[in-house]
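These protein sequence lines are chains A and B, in that order. Be aware that the first sequence starts at 1, since it is given in the numbering used here, and climbs by one per residue. Be aware that the second sequence starts at 1, since it is given in the numbering used here, and climbs by one per residue.
Worth flagging that the hints you see were computed from the coordinates, not collected in a lab. There may be inaccurate statements among the hints.
Said to hold, decoys possible - Stretches of chain B that chain A covers, calculated by requiring three or more beta carbons in the stretch to come under 8 Å of a beta carbon on chain A: (1) 24-33; (2) 123-133; (3) 179-187; (4) 192-200.
Claimed, not checked - The following residues of chain A were derived to be distant from chain B, with all beta-carbon distances above 12 Å: (5) 2; (6) 16; (7) 86; (8) 100; (9) 108; (10) 127; (11) 138; (12) 167; (13) 224; (14) 233; (15) 234; (16) 246.
The structure displayed is predicted, hence computed values, not measured ones. Quick reminder that beta carbons are idealized off the backbone N, C-alpha and C, glycines included.
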Amino acid sequence: MKAFLATINISFRRQLTYRAANLSGLVTNLMFAFFRASVFIALYHQQTVINNLSVKDAITFAGLTQMLIGYLSVFHWYEMAHTVYDGQVGTDLLKPLNFFLYWLSVDIGRAMGSFLIRSLPLFVVFAFFYDITLPQSLLQWGFCMLSMLLALLISFGWRFMVNLAAFWTPNAIGIGRFAFGLSWIFSGFYMPLAFFPDWLAQFSRATPFGASIYIPIQIFLGNVQGGALLQSLFIQCFWIATLWILDHIILGCGVRKLVIQGG
Amino acid sequence: MQRAFSTLKRLLSIQIRSQLQYPLSFIMDVIGNALILGFYFIAFTFALSQFEGISGWTLGEVAFIWGITEFSFGVMDMLFSGFDYDSFGPVIRKGRFDQMLLRPVNITLQVLGSRFVLRRLGKVLEGLLIFIFGLSQLDIHWTLIKILYVPVLSISQVLFFGSLFIIGATTTFWTMERLEILNIFTYGGSEIMSYPMHIFPRPIRLIFTFLVPAIFLSYFPAVFILGKSDPLHAPKFVSFIAPLVAVLMMFLALRFWHYGIRNYQSTGS
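Taking the hints into account, I'd like the entire structure generated from these sequences.
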């Protein structure tokens, strides 16, 4: 546990040292948030609410999705796969720390750092420009934070699994590109799922991708409450358990067949 | 000139052959790419179906400019892969650029031939399908000028995006790292060019008119081809200066590129 926390801490501090890169990412994501918000404003025109989603909610959605890019590493994450290809994985497996937990702590540290200096300032600046929807109560803020944390654990679960492909194929990044692409489709990252046909929205929400991006946003906007909120959190926990168990099984198989080229 | 051309052809054919070594994986990559990128458009159609057009533009009209922009960006992303600032950083850092400078072949040509990402065909294909879909939805009043202007516009866009890539690659001479902020103009530029640009607020429009003149390569030409009224009340001739703007951008980008090379100081590693 001590090593776990220490790794989070180091990874967190490492993320904070890339100041220019973080700032550059922040400005980029912010501009894209403006682009998307403008599109929503033009779409709504004189209408106010579509399928329970107001124009204010849609604008907030634009800010939230861009904010999550850094935190959840939405576009790519191949750090672990690279260690398999360059042999670093050999030393990592020898560490007196569970391999899965090691990468989990690295990713939590990275995400926390990114959240603090990239996501949070982005959303605050965004809120200056637009009238946005905010959680109505302290309790809702709390649930929202909890859901965002669970979202990270889900997201790590499937990103780690994609990286595990590196144990078998030299083209894990090609597979990864496809997996990340699926995540953009089903997470409601492109457009709010409220605009989607019902069956597709329901399906997307139940995938780990929807559970890691759309559910926290729904909670933030106050679109799920009471029983539905608890159900959403339950879906998130379900995916964490499922993905993590699968990760362990696949990792076990991978380690058994891993061959590291001597240097 | 002819020798240069045959060198480039040789470099590119090697690239293509090596990427086709695993045909199945390649085809999957292309189709996967097209589906994933295409879904953004499908998501937009879902959204649009809930409303009555977007600021006076129909789905078909948006598909028209969306398709051309995606197609051109895809073609550019393939032709100018060598200048992709995401991958040019490592070229500088690992000293591969220094190696190129030592060879007795034009440096721009070498960079152009150093990388050719064939799987971008996915984006090209996706753009083409969206464009065809757009045409099927529209009843454009075609004239000879309009028919000729569509390919000219696409080539202009390729040059325009290519010039942004060259500028991006040049900045890495100083920064050594890719500047993510440039994505605002490249990927962001192609995103806002996919929408009728009058929907964006004035500050964004001004940036994409005077700093990076994207509006002349999508919105204004589309106003002419689709016969739309222009709420921005721009003079009529701006619909036709796309090739001029593109050539000028490419000229400036190459000037900057050569300036960068003259002042290039390697990493010493």
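Here is what the structure says about each hint:
1. 24-33: Coverage by chain A holds for the region 24-33 of chain B (5 residues, Cβ < 8 Å).
2. 123-133: violated (count 0)
3. 179-187: Answer holds; 5 residues pass the 8 Å Cβ test.
4. 192-200: Check passed, 4 qualifying residues.
5. 2: holds, 34 Å
6. 16: holds, 17 Å
7. 86: Correct as stated: the minimum Cβ-Cβ distance to chain B is 14 Å, above 12 Å.
8. 100: For residue 100 of chain A, whose nearest Cβ neighbour in chain B is about 28 Å away, the distance exceeds 12 Å, so it holds.
9. 108: Its Cβ never comes within 12 Å of chain B, the nearest being 23 Å, so this holds.
10. 127: About 16 Å separates residue 127 of chain A from the closest Cβ of chain B, which puts it past 12 Å; holds.
11. 138: holds, 33 Å
12. 167: holds, 18 Å
13. 224: Residue 224 of chain A clear of chain B: closest Cβ-Cβ about 20 Å, beyond 12 Å.
14. 233: Fine: 26 Å to the nearest Cβ keeps residue 233 of chain A off the interface.
15. 234: holds, 27 Å
16. 246: Check passes; 22 Å lies beyond 12 Å.
In the structure shown, a violation is registered for the earlier hint numbered 2 alone.
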